[in-house]
Amino acid sequence: MIIQRYAENALRIIFGTKIDMEVHERVRRTFFLLNSLHRPDIIDIIPSFCSCMVIYEDNLTSYDTLTALLNERLADLSAVDMPPPQLHEIPVHYGGDHGPDLSFVAKHSQLSVAEVIEIHGAEIYTVFTVGFTPGFPYLGTLDERIASPRLETPRTRIPAGSVGIAQRQTGIYPFESPAGWQIIGRTDVRLFDTEKPPYSLMRIGDKVRFIEEH
Amino acid sequence: MTPAITVRNPGLLSLIVDLGRTGFGAVGVPSSSALDRYACQALYCLLGFPAAPVLEVMGPRFALQFNTDIVCAITGAKVKAFLDDAPLRPWASFQAKKGSLLRVKEITEGFRYYIGFAGKIKAETVMGSCTTNLECRFGGLNGAPLRSGDILQLEESRERETNVIPLNLIPPMNSPHILRITEGPEADSFTADSRRRFWEKGSHELFTVSTKLNRTGIRLEGAPLAFKPEAPKSIVSEGIVPGTVQIPGDGLPIIMLHERTIGGYARVAVVARADQDRLAHLKANDLVCFEKISLEEGESLWKEKQQLIAKLQSTDS
Chain A
1 MIIQRYAENA
11 LRIIFGTKID
21 MEVHERVRRT
31 FFLLNSLHRP
41 DIIDIIPSFC
51 SCMVIYEDNL
61 TSYDTLTALL
71 NERLADLSAV
81 DMPPPQLHEI
91 PVHYGGDHGP
101 DLSFVAKHSQ
111 LSVAEVIEIH
121 GAEIYTVFTV
131 GFTPGFPYLG
141 TLDERIASPR
151 LETPRTRIPA
161 GSVGIAQRQT
171 GIYPFESPAG
181 WQIIGRTDVR
191 LFDTEKPPYS
201 LMRIGDKVRF
211 IEEH
Chain L
1 MTPAITVRNP
11 GLLSLIVDLG
21 RTGFGAVGVP
31 SSSALDRYAC
41 QALYCLLGFP
51 AAPVLEVMGP
61 RFALQFNTDI
71 VCAITGAKVK
81 AFLDDAPLRP
91 WASFQAKKGS
101 LLRVKEITEG
111 FRYYIGFAGK
121 IKAETVMGSC
131 TTNLECRFGG
141 LNGAPLRSGD
151 ILQLEESRER
161 ETNVIPLNLI
171 PPMNSPHILR
181 ITEGPEADSF
191 TADSRRRFWE
201 KGSHELFTVS
211 TKLNRTGIRL
221 EGAPLAFKPE
231 APKSIVSEGI
241 VPGTVQIPGD
251 GLPIIMLHER
261 TIGGYARVAV
271 VARADQDRLA
281 HLKANDLVCF
291 EKISLEEGES
301 LWKEKQQLIA
311 KLQSTDS
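Quick note, the sequences are listed as chains A and L, same order. First residue of the first sequence: 1, per our numbering; consecutive thereafter. First residue of the second sequence: 1, per our numbering; consecutive thereafter.
Misleading hints may appear alongside valid ones.
Straight-line alpha carbon distances no greater than 25 Å define the calculated DMTMM-like cross-link-like pairs of lysine to aspartate or glutamate that follow [unchecked claim]:
no.: 1; chain 1: L; residue 1: K201; chain 2: L; residue 2: D286
no.: 2; chain 1: L; residue 1: K305; chain 2: A; residue 2: D58
no.: 3; chain 1: A; residue 1: K196; chain 2: L; residue 2: E124
no.: 4; chain 1: A; residue 1: K207; chain 2: A; residue 2: D58
no.: 5; chain 1: L; residue 1: K305; chain 2: A; residue 2: D41
no.: 6; chain 1: L; residue 1: K120; chain 2: A; residue 2: E123
no.: 7; chain 1: L; residue 1: K292; chain 2: A; residue 2: D64
no.: 8; chain 1: L; residue 1: K303; chain 2: A; residue 2: E57
no.: 9; chain 1: L; residue 1: K292; chain 2: A; residue 2: E152
no.: 10; chain 1: L; residue 1: K233; chain 2: A; residue 2: D58
no.: 11; chain 1: L; residue 1: K105; chain 2: L; residue 2: D286
no.: 12; chain 1: A; residue 1: K18; chain 2: L; residue 2: E230
no.: 13; chain 1: L; residue 1: K303; chain 2: A; residue 2: E152
no.: 14; chain 1: A; residue 1: K18; chain 2: L; residue 2: D286
no.: 15; chain 1: L; residue 1: K303; chain 2: A; residue 2: D20
no.: 16; chain 1: L; residue 1: K311; chain 2: A; residue 2: E57
no.: 17; chain 1: L; residue 1: K311; chain 2: A; residue 2: D44
no.: 18; chain 1: L; residue 1: K305; chain 2: A; residue 2: D64
no.: 19; chain 1: L; residue 1: K122; chain 2: A; residue 2: E195
no.: 20; chain 1: A; residue 1: K196; chain 2: L; residue 2: E183
no.: 21; chain 1: L; residue 1: K305; chain 2: A; residue 2: E57
no.: 22; chain 1: L; residue 1: K228; chain 2: A; residue 2: E152
no.: 23; chain 1: L; residue 1: K212; chain 2: A; residue 2: E57
no.: 24; chain 1: A; residue 1: K18; chain 2: L; residue 2: E183
no.: 25; chain 1: L; residue 1: K233; chain 2: A; residue 2: E152
no.: 26; chain 1: L; residue 1: K305; chain 2: A; residue 2: D44
Over 10 Å on every C-beta distance to chain L, these chain A residues come out as not near it, computed from the model [stated by the list, open to error]:
no.: 27; residue: R12
no.: 28; residue: L33
no.: 29; residue: N71
no.: 30; residue: P91
no.: 31; residue: I119
no.: 32; residue: G121
no.: 33; residue: E176
no.: 34; residue: E195
Partner residues are not named here, just some residues of chain L that face chain A (Cβ under 10 Å, in silico) [claimed, not checked]:
no.: 35; residue: V126
no.: 36; residue: G263
no.: 37; residue: K311
no.: 38; residue: T315
I should point out that these hints are in silico values taken from the structure, not numbers from a laboratory. Just so you know, these numbers come straight off a predicted model, no measurement behind them. Every residue gets a Cβ at the ideal spot worked out from N, C-alpha and C, and that includes glycine.
Sequences are here, hints too, so could you generate the full structure?
And the structure:
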């Protein structure tokens with residue numbers, strides 16, 4: 001674990017440099033531990049693939065004070081009280097208007113459309129982080145056989161529920177938004193509810209399985 | 001009847017904003033704060049409604065009609081504004097009478113201006129804030145920009161003495177914009193020469209604000225930064241703070257504002273907090289240059305800025 005300062009009022013707790021389940025587990029534990037402290041000097045915690053970023057209130061604390069606290073509290077991550085990961089089953093309409101890039105992905109992978117759908121649905125994915133737009137889960141790890149590049153020119157607007165893939169990741173766009181990933185399908189499941197806590201259907205560490213809907 | 005105001009012309013883009021939603025980074029919810037937070041705080045001081053929703057407006061021709069007597073104020077970009085035919089002083093509050101028309105004819109300095117009232121605009125509160133998340137369409141007025149004919153209801157409105165913000169508390173907003181920055185996590189991904197040209201005091205490599213700018217980020221044009229041959233062109237996506245300067249594969253900076261919690265491009269620098277309000281006033285073709293400072297200098301500039309905010313509050317009679 002390395003702690004590095006980032007800007008005037010944030011720091012990064014870094015556990016690795018690559019997407020990796022062991023690194024992810026340490027990020028997740030750190031996030032839930034820091035979250036449970038309810039410290040007024042911690043304004044926000046943003047866990048991602050390899051690190052936890054902490055934004056702090058520098059009128060209440062300092063980088064040195066917080067670093068000392070983190071070094072002490074994070075020394076042992078074995079006994080963190082955490083919610084169990086939830087498994088979300090996501091029905092998907094693949095291809096056609098719902099997934100305009102499915103045929104590109106098939107061609108790029110030199111597989112049939114049916115094989116791409118089967119491979120995409122075979123994996124139980126992990127939510128590594130949530131971001132880009134509210135509730136967007138970055139899911140890994142996508143089978144290498146269907147890994148595809150991002151679009152050269154992102155689309156300016158895609159419908160809510162669009163399921164995309166990019167390199168070794170897949171994800172779901174909770175809102176109508178711009179999108180740079182290959183869109184292979186769409187789900188009717190609502191991923192973000194602005195009116196009801198905890199707002200996002202998914203959080204770090206949850207599991208996801210896609211089920212083809214005809 | 002609830003006091004109300006009718007939007008007659010929304011200008012280029014007007015939104016309901018406040019100081020933003022915080023604490024939801026783990027589910028990807030950005031703050032969507034007013035871009036010029038200082039101007040927003042000046043409104044709060046003039047009007048006596050801290051943390052209330054206010055209007056953030058871009059472009060001239062904005063107009064609204066008062067259906068009630070109310071005190072109103074404009075801060076942010078300096079504008080030629082009129083209440084019926086009477087010119088209004090920038091960064092000041094004024095008494096509007098029922099039936100009168102507020103018109104903004106021209107912007108003389110800066111880009112975004114802020115309009116508030118001695119009352120609370122009725123808006124959708126989402127996750128503790130009324131600010132508009134324009135991309136995902138929530139907060140504000142159904143998450144949408146204001147349109148002609150929209151009616152803004154005012155709650156808890158009250159009478160208030162008019163006041164002005166002293167000239168020495170109004171910051172400059174014109175091009176060229178000199179932005180002080182601290183070093184970002186991936187600064188080492190760039191060659192020593194391009195880092196020096198980018199941020200060294202006295203080097204003053206000028207960038208031009210491109211037409212690709214919105215509330216999410218501002219793209220700059222100019223001499224691209226050179227990645228070291230061994231440095232990756234993108235990073236494993238990680239948390240970002242507002243003001244982060246990202247460098248995508250083409251080497252041209254993007255300044256991130258308050259609409260993203262994570263990013264996947266190399267973070268070469270972060271605009272000092274004391275200079276972040278200035279980002280609200282960067283418009284296409286403006287000139288920008290960067291000047292590197294230490295984190296300690298950043299902290300002391302921020303303390304000075306907070307003292308300015310305290311002075312604003314002392315003008316609150």
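So, going through the hints one by one against the coordinates:
1. With a C-alpha separation of about 19 Å, the suggested pairing of L:K201 with L:D286 holds against the 25 Å cut-off.
2. Straight-line distance between C-alpha atoms of L:K305 and A:D58 comes to about 14 Å, which keeps the hinted pair within the 25 Å bound.
3. Taken as a hint, the A:K196 and L:E124 pair is honoured in the structure, with Cα atoms around 14 Å apart against an allowance of 25 Å.
4. This hinted pair does not check out: A:K207 and A:D58 have alpha carbons roughly 36 Å apart, beyond 25 Å.
5. Distance check on the hinted pair: L:K305 and A:D41 sit about 20 Å apart at the alpha-carbon level, within 25 Å; holds.
6. In summary, the hint linking L:K120 to A:E123 is not supported, as the alpha carbons are separated by about 50 Å, beyond the 25 Å threshold.
7. For a cut-off of 25 Å, the pair hint linking L:K292 to A:D64 stands: about 22 Å separates their Cα positions.
8. Straight-line distance between C-alpha atoms of L:K303 and A:E57 comes to about 13 Å, which keeps the hinted pair within the 25 Å bound.
9. In summary, the hint linking L:K292 to A:E152 is not supported, as the alpha carbons are separated by about 33 Å, beyond the 25 Å threshold.
10. Of the supplied pair hints, the one linking L:K233 and A:D58 is violated, its CA atoms being roughly 32 Å apart against a limit of 25 Å.
11. Distance restraint check for L:K105 and L:D286: the Cα-Cα separation of roughly 21 Å lies within the 25 Å cut-off, and the hinted pair is therefore satisfied.
12. At roughly 16 Å between alpha-carbon atoms, A:K18 and L:E230 fall within 25 Å of each other, so this suggested pair holds.
13. Annotation: proposed proximity of L:K303 to A:E152 is violated, straight-line Cα distance about 43 Å (limit 25 Å).
14. Simply put, A:K18 and L:D286 have alpha-carbon atoms about 39 Å apart, too far for the 25 Å limit, and the pair is violated.
15. As the CA atoms of L:K303 and A:D20 are separated by approximately 40 Å, the hinted pair breaks the 25 Å bound.
16. With a C-alpha separation of about 21 Å, the suggested pair L:K311 and A:E57 falls inside the 25 Å cut-off, and the hint holds.
17. Between L:K311 and A:D44 the alpha-carbon distance is near 28 Å, which puts this suggested pair outside the 25 Å criterion.
18. Proposed proximity of L:K305 and A:D64 is supported: the alpha carbons are some 23 Å apart, at most 25 Å.
19. Of the pairs offered as hints, the one joining L:K122 and A:E195 holds, with about 17 Å between alpha carbons and a cut-off of 25 Å not exceeded.
20. Taken as a hint, the A:K196 and L:E183 pair is broken in the structure, with Cα atoms around 39 Å apart against an allowance of 25 Å.
21. For the suggested pair L:K305 and A:E57, the alpha carbons sit about 15 Å apart, so the restraint of at most 25 Å is met.
22. Taken as a hint, the L:K228 and A:E152 pair is honoured in the structure, with Cα atoms around 23 Å apart against an allowance of 25 Å.
23. Restraint check: the Cα-Cα separation between L:K212 and A:E57 comes to about 32 Å, which exceeds 25 Å; the hinted pair is violated.
24. For the given pair, A:K18 sits about 23 Å from L:E183 by alpha-carbon distance, which is consistent with the 25 Å threshold.
25. A threshold of 25 Å between alpha carbons decides the hint, and for L:K233 with A:E152 the separation of about 15 Å falls inside it, so the pair holds.
26. As the CA atoms of L:K305 and A:D44 are separated by approximately 22 Å, the hinted pair is consistent with the 25 Å bound.
27. Its beta-carbon lying about 7 Å from the closest one in chain L, A:R12 breaks the requirement of being farther than 10 Å from that chain.
28. With a least CB separation of 13 Å from chain L, A:L33 remains clear of the 10 Å interface cut-off, as annotated.
29. With 10 Å as the threshold on Cβ separation, the claim that A:N71 sits away from chain L holds: the shortest Cβ distance comes to roughly 19 Å.
30. Consistency note on A:P91: stated as away from chain L, and its beta-carbon is indeed over 10 Å from all of that chain's, at 22 Å minimum.
31. The Cβ of A:I119 sits about 23 Å from the closest Cβ of chain L, beyond the 10 Å cut-off, so the non-interface label holds.
32. Interface exclusion of A:G121 from chain L stands, the closest Cβ pair being 24 Å apart, more than 10 Å.
33. The non-interface label for A:E176 is inconsistent with chain L: the shortest C-beta to C-beta separation is roughly 8 Å, within 10 Å.
34. Interface exclusion of A:E195 from chain L breaks down, the closest Cβ pair being 8 Å apart, not more than 10 Å.
35. Interface restraint check for L:V126: the shortest CB-CB distance to chain A comes to about 5 Å, inside 10 Å, so the restraint holds.
36. About 9 Å separates the beta-carbon of L:G263 from the nearest beta-carbon of chain A, less than 10 Å, and the hint is met.
37. Violation of the interface hint for L:K311 is found here, the shortest Cβ-Cβ separation to chain A being roughly 17 Å, above the 10 Å cut-off.
38. The closest approach between the C-beta of L:T315 and any C-beta of chain A is roughly 22 Å, which is over the 10 Å cut-off, so the hint fails.
When each numbered hint is compared with the structure, violations occur for hints 4, 6, 9, 10, 13, 14, 15, 17, 20, 23, 27, 33, 34, 37, 38.
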